[in-house]
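Heads up: the protein sequence lines correspond to chains A and B, in order.
Under my numbering, think of the first position of the first sequence as 1, with each following residue one higher.
Under my numbering, think of the first position of the second sequence as 1, with each following residue one higher.
Since the hints were made in silico from the structure, they are not lab data.
What you are looking at is a predicted structure, and each value in this text was computed from that prediction instead of being measured.
A short, non-exhaustive set of chain B residues, derived as facing chain A with CB atoms under 8 Å:
no.: 1; residue: 188
no.: 2; residue: 200
no.: 3; residue: 201
no.: 4; residue: 202
no.: 5; residue: 203
no.: 6; residue: 204
no.: 7; residue: 212
no.: 8; residue: 279
no.: 9; residue: 332
no.: 10; residue: 333
Pair ranges (Cβ atoms, derived):
no.: 11; chain 1: A; residue 1: 183; chain 2: B; residue 2: 168; range: 49 to 59 Å
no.: 12; chain 1: B; residue 1: 383; chain 2: A; residue 2: 279; range: 16 to 26 Å
no.: 13; chain 1: B; residue 1: 179; chain 2: A; residue 2: 263; range: 41 to 51 Å
no.: 14; chain 1: A; residue 1: 38; chain 2: B; residue 2: 383; range: 54 to 64 Å
no.: 15; chain 1: A; residue 1: 297; chain 2: B; residue 2: 252; range: 32 to 42 Å
no.: 16; chain 1: A; residue 1: 297; chain 2: B; residue 2: 111; range: 48 to 58 Å
no.: 17; chain 1: A; residue 1: 32; chain 2: B; residue 2: 156; range: 53 to 63 Å
no.: 18; chain 1: A; residue 1: 112; chain 2: B; residue 2: 157; range: 33 to 43 Å
no.: 19; chain 1: B; residue 1: 170; chain 2: A; residue 2: 42; range: 23 to 33 Å
no.: 20; chain 1: B; residue 1: 218; chain 2: A; residue 2: 280; range: 15 to 25 Å
no.: 21; chain 1: B; residue 1: 263; chain 2: A; residue 2: 51; range: 49 to 59 Å
no.: 22; chain 1: B; residue 1: 270; chain 2: A; residue 2: 127; range: 47 to 57 Å
no.: 23; chain 1: A; residue 1: 234; chain 2: B; residue 2: 163; range: 29 to 39 Å
Some, not all, of what chain A presents toward chain B, calculated at C-beta under 7 Å:
no.: 24; residue: 55
no.: 25; residue: 197
no.: 26; residue: 198
no.: 27; residue: 199
no.: 28; residue: 200
no.: 29; residue: 201
no.: 30; residue: 278
For glycine and all other residues, C-beta sits at the position ideal for the given N, C-alpha and C.
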Amino acid sequence: MTPLSSSYRAALSMAAKDALVRRRRPQQLPGRTVVVHDHEISAELAARYARMFHRNGPVLDPTDLPSVLVHVASFPAAMELMADPDFPLPLLGMVHLRNHVVHHAPVPAGTPVEVAASATRLSPHPSGTTVDLVVTVHGPARVNRRVDDSVNGPTGGTGELQLLWEGTSTYLAAGVHLPAHERPATAGHPPFTAPQLTAQWRLPASTGREYAAVSGDFNPIHLNPVTAKLLGQKGMIAHGMYLAGRMLAGREPAGAGHEWEISFATPVLLPGTVSLGVVHADHCNAEVTTEVTAWNGRTGRPHFTGSITVPGSGPGQRSGPG
Amino acid sequence: MTEKTSPTSANISAAPQDSPRIAAGQPAIAGGEVRQAVIIGGNRTPFARSHGAYAQATNKDLLTSALNGLIARFGLQGERIGEVAAGAVIKHSKDFNLTRESVLGTSLDPATPAHEVQIACATGMEAIGGLANKIRLGQLDSAIGGGVDSISDAPIVFNDAARAVLMELNRARTTQDRIKAVLKFRPGHLAPEAPGTEEPRTGLSMGEHQARTTHQWGITRQAQDELALASHHHLAAAYDRGFFDDLVTPFGKLTRDNNLRADTTLEKLGKLKPAFGRFLGDEATMTAGNSTPLTDGASTVLLGSEEWAAERGLPVLADFVDFETGAVDFVDGKEGLLMAPAYALSRLLQRQGLSLQDFDYYEIHEAFAGTVLSTLKAWEDEDFCRDQLGLDAPLGAIDRSKLNVNGSSLAAGHPFAATGGRITATLATMLHEKGPGSLGLISVCAAGGQGIVAIVRGR
Chain A
1 MTPLSSSYRA ALSMAAKDAL VRRRRPQQLP GRTVVVHDHE ISAELAARYA RMFHRNGPVL
61 DPTDLPSVLV HVASFPAAME LMADPDFPLP LLGMVHLRNH VVHHAPVPAG TPVEVAASAT
121 RLSPHPSGTT VDLVVTVHGP ARVNRRVDDS VNGPTGGTGE LQLLWEGTST YLAAGVHLPA
181 HERPATAGHP PFTAPQLTAQ WRLPASTGRE YAAVSGDFNP IHLNPVTAKL LGQKGMIAHG
241 MYLAGRMLAG REPAGAGHEW EISFATPVLL PGTVSLGVVH ADHCNAEVTT EVTAWNGRTG
301 RPHFTGSITV PGSGPGQRSG PG
Chain B
1 MTEKTSPTSA NISAAPQDSP RIAAGQPAIA GGEVRQAVII GGNRTPFARS HGAYAQATNK
61 DLLTSALNGL IARFGLQGER IGEVAAGAVI KHSKDFNLTR ESVLGTSLDP ATPAHEVQIA
121 CATGMEAIGG LANKIRLGQL DSAIGGGVDS ISDAPIVFND AARAVLMELN RARTTQDRIK
181 AVLKFRPGHL APEAPGTEEP RTGLSMGEHQ ARTTHQWGIT RQAQDELALA SHHHLAAAYD
241 RGFFDDLVTP FGKLTRDNNL RADTTLEKLG KLKPAFGRFL GDEATMTAGN STPLTDGAST
301 VLLGSEEWAA ERGLPVLADF VDFETGAVDF VDGKEGLLMA PAYALSRLLQ RQGLSLQDFD
361 YYEIHEAFAG TVLSTLKAWE DEDFCRDQLG LDAPLGAIDR SKLNVNGSSL AAGHPFAATG
421 GRITATLATM LHEKGPGSLG LISVCAAGGQ GIVAIVRGR
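Assemble the whole structure, with the sequences as input and the hints as a guide.
Written as structure tokens, this is what we have:
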């Protein structure tokens, strides 16, 4: 897979070139799907990822990798699409708005998986245009695991690939308005009221550099306050997916089958302290949803909201023989 | 192995009444009767606010001093004590055998074994309770339990990144490898990490956790300040009438706990700004005055069997009756961090067939005034007792004139692991003064959502 750094380099030179020749990007999404066969997430990368959250996360199970690590390992396929000169939105300056992941089954380290990335839903947004990057990870079906037939259809013998993980990342190209689209009115933000404080993250200045070293996302806005300011940020900011990883650390069920979502509001400046409120809501159908809200305790502005839904531990699910 | 010492299988498996072969006085662990574990006395250093009077003293200095005072009080020089158990919540890794090293620095027989205990602020209680159980089972005839803590002697460690480089350097076998490792040093590696009082899973300090609990239980600023005031006045009065003469041995320049403010008033306490729960805005109530400060100090308690005490002509203050440890799910705020004793107490009372009102004295550790008041309010609360403790009726209110009558941590300070020993020795002395059969209750909350409650009976 193309490393993220070369995607960024390509995008940077393309942006410069576009500016010089006043090239107009195409108005449609590329129809193609980037597929990477036999992609392996190394146990070494998994170990480095787990070390970032070792104080809160569970002991790493190499046969059942954390959701955000799967994102880290598979997202370069989507970047390849976004860095393409024919992608309708410029990669540089894109803002990460939202992530939604359905983690159907465990993704193992050191096992070939198939990664596919496509772009959908090019949509107008009050401040620009949004796009969804959908990444799927398929792997060998595991016979001994509970398989969700409604998602995969009946799985047969060995050799068939099963959908293990699918993630949708929504990005906003701020200030880019496609002529074919009508610009929607700016929706007024409802006033944010912080929930009850249950935790606090103290993020040191090195947070962005540490996550970059693991994820390969060396976007300068995360690495150094000077480069971040040059790129229009108020200062060095945390990677959105670092925040997602930290939110999920210790909260993902063994054996997967969960679904999670995170929506970003304002960036987390580094170094910084994030206030968090966690609420558990039990659904009647035995699912358990954990709602996480993060905000700046000083300014009272929201950083992100997220939720994790895990299959319930009601009778007949975990208990019983075998 | 000799015939005499190898136990027969009957000794191990049979109950006492079925086994005529068990001689009188056989230890309970070998089939005999369970016996009483008695509290003979205690000794502690005065407690000092951290980075003050004991800034130069180490954990070992403090614990050794507390042990020496105990040895002197009870003439234990050269005595082989069955076991010494103590601990420190914050200690250097080089102090892995802190208690044994301290014992070796005293005049106790060097054949006295020692071990470390650690359950945060309840360390002293666990040390004493575990030893009492061994005495009851006949495994020990005598024991010393206690604890020590010194924030002034806290270990400062390199951060994880620096440690990784140092470890690599340590593993390097060739000059080339060593150079490679050294080149990985970065300026940021020099930033040391001091131990915090933050809960690792939430990143919130204990005070921030308690601020939420205090708020949820609707505990007022006034009620907290009144409890703090009472603690200072009670402790000062106890010192003045010589109550601590048998319990405290001077250390350094201190003869009394230097956090004690005998002349404090509600007015002075009322002027302090909130220190915790700033997220609550105007509703923040916890100040430096109604929260315990970080403190240095050590405490010890001498335990034994009745026979052991009688043979040496030692006093018997009280029986250590029973203790129970609790834990709560605090991580996402389902329960307050320091509320575990509220749960443990219900089980302990049930086991001993007692009600909350059966006690002559209550020693509830004042981590924060809010902790004591939230716990008391929970025991009075019908919903809490029904939904959380599974009881038909609330445990009820206590007679507040029996609570912390000789002061507690708000006045004395709270060197984490030393608090259990302070409370146990203080309560045993009070119960002995009260008379045989009087009952005392101890409740100590601890980090990690844990806590220990214990029952002591006067002799």
